[in-house]
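In case you want the letters, here they are:
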Amino acid sequence: MSIRHGLLALLSQGPRYGYQLRAEFEASTGSSWPLNIGQVYSTLSRLERDELVTRVGADDEGRFVYRITPAGEADVREWFATPVARADRPRDELAIKLAMAVTTPGVDVRQVVQAQRTATLRTLQDLTRVKAAAPADPADQGDRAWRLVLESMIFQTEAEVRWLDHCEAFVARTAPAAPAAPPADAPLDAPIGETSR
Amino acid sequence: MRDVSRDHGTGAGLVHALRNVSLDVAEGEFVAVMGPSGSGKSTLLTLAGGLDTPTSGRITVAGADIGALGAAARSALRRRAVGYVFQDLNLIPALTAAENVMLPRELDGARARRARRQAHKALASVGAGDLADRFPDELSGGQQQRVAIARAIIGDRRLLLADEPTGALDSHAGEEIMRLLRSRCDEGAACLMVTHESRHAAWADRVVFLRDGRMVDSTPGRTGPETLLEAG
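These protein sequences, in sequence, are chains L and Y.
Mapping the first sequence onto the numbering used here, position 148 (from 1) lands on 148, and the numbers just tick up by one.
Mapping the second sequence onto the numbering used here, position 5 (from 1) lands on 5, and the numbers just tick up by one.
Keep in mind that the hints were calculated from the coordinates and are not lab data.
There may be inaccurate statements among the hints.
Derived, one-sided and incomplete: chain Y residues facing chain L with beta-carbon distance under 8 Å [unchecked claim]:
| no. | residue |
| --- | --- |
| 1 | Leu95 |
| 2 | Ala112 |
| 3 | Arg116 |
| 4 | Arg179 |
| 5 | Arg182 |
With beta-carbon atoms standing in for the labels, derived distance ranges [said to hold, decoys possible]:
| no. | chain 1 | residue 1 | chain 2 | residue 2 | range |
| --- | --- | --- | --- | --- | --- |
| 6 | Y | Asp133 | L | Phe155 | 33 to 41 Å |
| 7 | L | Gly106 | Y | Pro36 | 21 to 29 Å |
| 8 | Y | Ala73 | L | Arg110 | 40 to 48 Å |
All C-beta atoms in this analysis are idealised placements derived from N, C-alpha and C, irrespective of residue type, glycine included.
Start from the sequences, fold in the hints, and give me the full structure.
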């Protein structure tokens with residue numbers, strides 16, 4: 001999640017205080033990614049170091065106003081113009097679990113798939129209820145931004161269900177697995193406790 | 001439905017399309033059925049609508065045991081209590097939207113003037129009041145599906161059966177149809193929908209999964225607001 005670019009995009013609309021940036025960031029993402037004020041200021045100081053923002057004056061309580069620099073504006077334009085790479089995502093636990101389920105004897109892969117699909121559909125129902133409770137065509141800019149974030153979660157959840165459907169069909173089509181290879185360093189005729197002698 | 005099974009064919013060609021399925025759809029409840037092709041989804045829907053009869057088991061619609069009714073009574077119940085929305089919309093091209101919607105009432109013997117009034121009311125309730133005098137080929141896919149839903153609910157029919165009702169619609173039009181079915185249920189209708197799109201199934205109160213004619217799992221029914229909080 002690029003807090004750095006999110007804050008720069010907000011500053012491209014005009015100078016802001018740190019606490020304003022935090023509030024606006026959370027409003028436009030529907031509080032999906034809550035920020036603490038420390039994150040905001042540490043990000044701002046890195047942006048300042050890289051000369052993408054400057055501090056301009058302070059109010060009576062000593063709070064600084066931040067303004068984007070031309071280099072910062074170029075950075076934001078570049079960010080909007082560049083697609084996000086998928087390679088940065090952490091390893092997918094579900095994919096690993098299914099891969100293990102296929103190769104582990106005694107595991108009913110269909111059952112693993114079905115349990116996950118029911119859980120994922122529940123999540124999808126919860127997200128859809130949140131969406132259904134809001135107006136079909138939100139008038140407010142902030143509500144529209146939130147709708148897009150919510151739908152991003154809905155479509156990702158849907159993609160997981162489709163992938164699970166595909167896994168189920170794939171497993172049903174393929175023949176039962178051949179016997180697994182014996183564990184390393186454990187000859188079949190020797191009890192495990194004796195192999196170290 | 002109680003312990004409903006439906007076999008097709010005999011001997012070596014015997015197919016168990018549905019095996020011992022029990023399912024309730026309450027008033028005001030929206031239930032979605034998912035499953036791979038050939039899992040029995042469409043069989044379930046045709047049985048629920050009285051378009052086919054089970055090999056064994058019992059199906060009750062609005063208090064009436066469908067199996068115990070004669071053919072005439074069954075088809076009267078079907079027309080009076082059950083509305084169908086199918087993927088291929090089946091609107092008659094030579095009739096206007098209003099005429100398509102009033103057709104089931106006319107077949108039921110209602111006077112034309114009354115049927116027309118009910119058709120306008122049904123069209124208005126699905127947000128298609130201004131489309132009444134248009135012919136199907138003058139309507140977009142989403143508008144046609146709205147008209148088909150108006151036809152399904154005319155005369156205040158309380159059970160809606162929908163088979164892939166979003167068909168080939170784009171995601172916006174598909175969502176409008178889901179909002180519509182959802183609001184009909186919130187107003188007290190019961191809806192049973194077959195779909196392969198989880199994004200649409202998620203509008204339902206409960207999602208049941210069929211595989212090889214058996215019900216293998218289901219999400220829990222309606223839940224309180226506290227579960228909504230988990231969504232974030």
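Structure-based check of each hint:
1. Leu95: With a closest approach of 29 Å, the Leu95(Y) hint is violated.
2. Ala112: violated, 35 Å
3. Arg116: With Cβ-Cβ at 29 Å, over 8 Å, it is violated.
4. Arg179: holds, 6 Å
5. Arg182: Where the cut-off is 8 Å and the nearest Cβ of chain L is about 6 Å from Arg182(Y), the hint holds.
6. Asp133(Y) <-> Phe155(L): 33 to 41 Å: With a Cβ separation near 38 Å, Asp133(Y) and Phe155(L) satisfy 33 to 41 Å, so the hint holds.
7. Gly106(L) <-> Pro36(Y): 21 to 29 Å: Hint holds: Cβ distance 25 Å, inside 21 to 29 Å.
8. Ala73(Y) <-> Arg110(L): 40 to 48 Å: holds, 42 Å
Checked against the numbered hints above, the structure violates hints 1, 2 and 3; every other hint is satisfied.
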